[in-house]
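2 protein chains.
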Amino acid sequence: MEEIAVTSSSHTYKIVIGENIRFQLKSFLPKTYSSILIISDESVAPLYINDIRSNFTEEQVFQTVLPSGEQTKSMDTFYNVHTDAINAGLDRNSLIIALGGGVVGDLAGFVAATFMRGIDYIQIPTTILAHDSSVGGKVAINHKLGKNLIGSFYPPRAVIYDVETLQTLSAREIRSGYAELVKEALIADQEFFNLLLKTDIQQVTAEELQSHLSLGIKIKANIVQEDEMESGVRMYLNLGHTLGHALEAELGYGTLTHGEAVAIGLLFTLHVSENMFSKQIASHSLIQWLKENNYPFKLQQLDEHALLLKMKSDKKTVNSKIKMVLLEDIGSPVVKELTDQQILDFLHSFNRKLVTE
Amino acid sequence: MEEIAVTSSSHTYKIVIGENIRFQLKSFLPKTYSSILIISDESVAPLYINDIRSNFTEEQVFQTVLPSGEQTKSMDTFYNVHTDAINAGLDRNSLIIALGGGVVGDLAGFVAATFMRGIDYIQIPTTILAHDSSVGGKVAINHKLGKNLIGSFYPPRAVIYDVETLQTLSAREIRSGYAELVKEALIADQEFFNLLLKTDIQQVTAEELQSHLSLGIKIKANIVQEDEMESGVRMYLNLGHTLGHALEAELGYGTLTHGEAVAIGLLFTLHVSENMFSKQIASHSLIQWLKENNYPFKLQQLDEHALLLKMKSDKKTVNSKIKMVLLEDIGSPVVKELTDQQILDFLHSFNRKLVTE
Chain X
1 MEEIAVTSSS HTYKIVIGEN IRFQLKSFLP KTYSSILIIS DESVAPLYIN
51 DIRSNFTEEQ VFQTVLPSGE QTKSMDTFYN VHTDAINAGL DRNSLIIALG
101 GGVVGDLAGF VAATFMRGID YIQIPTTILA HDSSVGGKVA INHKLGKNLI
151 GSFYPPRAVI YDVETLQTLS AREIRSGYAE LVKEALIADQ EFFNLLLKTD
201 IQQVTAEELQ SHLSLGIKIK ANIVQEDEME SGVRMYLNLG HTLGHALEAE
251 LGYGTLTHGE AVAIGLLFTL HVSENMFSKQ IASHSLIQWL KENNYPFKLQ
301 QLDEHALLLK MKSDKKTVNS KIKMVLLEDI GSPVVKELTD QQILDFLHSF
351 NRKLVTE
Chain C
1 MEEIAVTSSS HTYKIVIGEN IRFQLKSFLP KTYSSILIIS DESVAPLYIN
51 DIRSNFTEEQ VFQTVLPSGE QTKSMDTFYN VHTDAINAGL DRNSLIIALG
101 GGVVGDLAGF VAATFMRGID YIQIPTTILA HDSSVGGKVA INHKLGKNLI
151 GSFYPPRAVI YDVETLQTLS AREIRSGYAE LVKEALIADQ EFFNLLLKTD
201 IQQVTAEELQ SHLSLGIKIK ANIVQEDEME SGVRMYLNLG HTLGHALEAE
251 LGYGTLTHGE AVAIGLLFTL HVSENMFSKQ IASHSLIQWL KENNYPFKLQ
301 QLDEHALLLK MKSDKKTVNS KIKMVLLEDI GSPVVKELTD QQILDFLHSF
351 NRKLVTE
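Protein sequence lines correspond, in order, to chains X and C. If you count by UniProt numbering, then the first sequence holds residues 1 to 357, one letter each, in order. If you count by UniProt numbering, then the second sequence holds residues 1 to 357, one letter each, in order.
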C-alpha cells in the first residue's frame, strides 16, 4: 500500500493505492458522516458496490446507479442525481462516494461540489484512466457544445485506489488508461517513459500496475499542488488533449476512448514539437509502442478545418487563439500559441506521416 | 461613496456603495478582461444595461437578458446562459457582470462559478434585497424540491452598489429589501434596529438608504468573513429564514416576496425566542412597524404540518432535526435544535397571536 498526500487550497487529502483496500474505507475518511450516497454505474456497481457498502454498518447508505458511458455526464443526469440526494435526505454532513471510472468521478464530484453548496466526497476509481481525473479536484459535466465545459475545482477528501478492481478491465480500457500514464511520463520523467515503452500493457502484473499508477499520480499530484486552478503549470497536463478532445468531439464521444484520442493527441504533440524545435524527441518510438499495443492512431479522413474548429472551442483557449502544450524534450513541456494556419499545416503533415506508418 | 473590504478564502473584494458609480466600473475591477458577458433581466436591462456597457469601449461586450422572477433560477436557464457564454466565445479571462436583483445575482454567480470551472464575476445589485445575496459568495439555482439546493460558495471580484438604481423600486421591493436589513440589525446591532423602527421605508432619502445599506452590509460582511462556508456563525444569517423559505415554498414562489416571507419568519423567531427564554425582546414593536409599513404578516389558513415538512427540507437541517436561529436578545443570536412537536406548537400559538393583531 502506498500513500501520496496532496495539498489543495481548502484541505490536504490522501491518495491511497493498494490491494483490497476497498474494505478498509473508514480508516481513510477524515471524519464520520451522517449518511452516505454511493454513485456508480451499471458496469461497476454489480462488481463492487456491495463491497463498498460493507464498510458502513452504522450509517444510512444510499446508492444511485447510472448508465455507463460519457452520456451520463449530462445536465439531466446531474439534476436527477441531485434529486436522489435530496430524496435520500442528504445534508451537509453527508458523504458522496464516487465508485467507478472518470465519468462517474467527474459527475459525482460535481454533484458533491454543488449539493447544498458543497459536501464532502471521495473517489474510488475503478479504471486506470481515472487515476488522472480522480486526482486534482477537477469535476465537471459536458455541455452539448463541448466536454467538461460546466464544472468546478473541488478536491475530494480521499482517493482510494484498489488495484484489485482493475483486474476486470477490458483491453480497450487498459489502453485508454495507459495513454494518460504516457502523458505524465512525457511531461516529467524520461525514465518512467522508457519503462512504459518496455511494457506490454496486456501483460502487466498487479505490482507493476501499482508502481506505474503511483509514478503517474505523483507527477500529476506535484503539478496540481503547484497550480490548483490551472493558471500556470497545470496546463501541462493538457499535453495531447487539444487534439484529443477535438477528436472525441468530432468523431462523437465513444468512437475512440478518451485515452485512445489522447494517444493520438500525444503523437501530434510530438510531431508539432519535433518540427518547431527541429529535433527528434520520441515520435518514432511512441508510434512503435502504440502499434505494439494495438492503439488506433490514424486520423482517417477527418476534415482538418472541422478539427481546428473543435480545437478552438476547447476551454483552455484564451481569446480564441490555440495554446498548445509542446515538448522541448521529454520532461520539458512549454506552452505555445499557434496560429490557425500553423495548426492546419501540422494536421496535414501529421495525417500524411501516419498514412505511411 | 463608501467602500467595505471583504476577505474570502480565495481573494479580497470590495463592496462599493455610492451614487452614480455604475459609470466608473473600471476603477473597481482588479484587472482587464478579454470579453464581458452582462447577465440581466427584462425589468433591469432596459433601465441600466447601456450605462453598464458604456464602461467598456475596448472589450467585446455581450449580454443575456432573462425573464424577471424566481423561475429564472432554474436548471434550464442555467444551461442556456452557459450556451450563450460558449457561443459568445467567453474564455477563462472573461468577466461576467450580474446586473439586477438577487435572482440575477445568484444565477449569474453560479454560471461564473461553473463556466470552464470558474471565471471572475462582479455583482451590480439593483434592489435593496440584493445587498444581502450579493455579499458573501453564495450562488445557487433552485431545484424543484427546494430553493438554492444547487450552488457553490464563489465570491465575486467586486460588488458595485449604485443607490441611484434603487430609486425606481416598487413599494413591495422596498419592503422586501428592508426585511433583510431588519434581520441584520436583530442579529448584531440594537441601535441600528431602533433606527429602522423609526424609519418610514417609503420616505427614505438616498443618504439614509446608503447609510442603512452600509450598516447592513457591514454586519453581513463581518459574519461571512468569519465563517465563509457556513459551518458556524454564518448560520446566524439564516435568522427568520427557516419559516421564511418554508412559506415561500408552501405558498408558491412569488406569492410573498422573499423579504415579506422573511419578515414573517423574523416575527416567528421572536415569538419562539420570547417563549423559550421567557422574556420580551421586540415582538410587539416589530409587529407595529410591519403594520405601519404595510407588510403582510399573517399566516392565514396555512397547514402547520405542511409548513413543518417544508422547514425540514431546508438545507440547513442536519440529520433531519430543525436547527433554528433564535435571539437571546437583540444582538445575541443562538442556534437551537427544536423537535417537530415544539415547532408545531409554536406555529400554532404564533398563528393565534397574529389573528388577534
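Please note: incorrect hints may appear among the correct ones.
No copy is singled out in the list; a pair is fine if it fits within one copy or between any two copies.
Here are the simulated DSS-like pairs of lysine-lysine, each with C-alpha atoms no more than 30 Å apart in a straight line [stated by the list, open to error]:
hint, residue 1, residue 2
1, K310, K298
2, K198, K310
3, K353, K310
4, K31, K312
5, K312, K298
6, K14, K279
Just so you know, the hints here were simulated from the structure itself, not pulled from any lab data.
Here is what the structure says about each hint:
Only within a single protomer do K310 and K298 lie at most 30 Å apart by alpha-carbon distance; the minimum there is 18 Å, versus 58 Å between protomers. Proximity of K198 to K310 under the C-alpha cut-off of 30 Å is found in neither arrangement, the shortest distances being 34 Å within a copy and 62 Å between copies. Taking the closest pair of Cα atoms, K353 and K310 come within 30 Å of each other only inside a single copy of the chain (22 Å); across copies the shortest separation is 65 Å, beyond that limit. In this assembly of identical chains, K31 and K312 lie within 30 Å of each other by CA distance solely across copies; the values are 24 Å between and 43 Å within a copy.
Taking the shortest Cα distances, K312 and K298 sit within 30 Å of each other inside one copy (21 Å), while across copies they are farther apart (57 Å). In this assembly of identical chains, the alpha carbons of K14 and K279 never lie at most 30 Å apart, being 40 Å within a copy and 51 Å across copies at closest.
Hints 2, 6, counting from the list given before, are not met by this structure.
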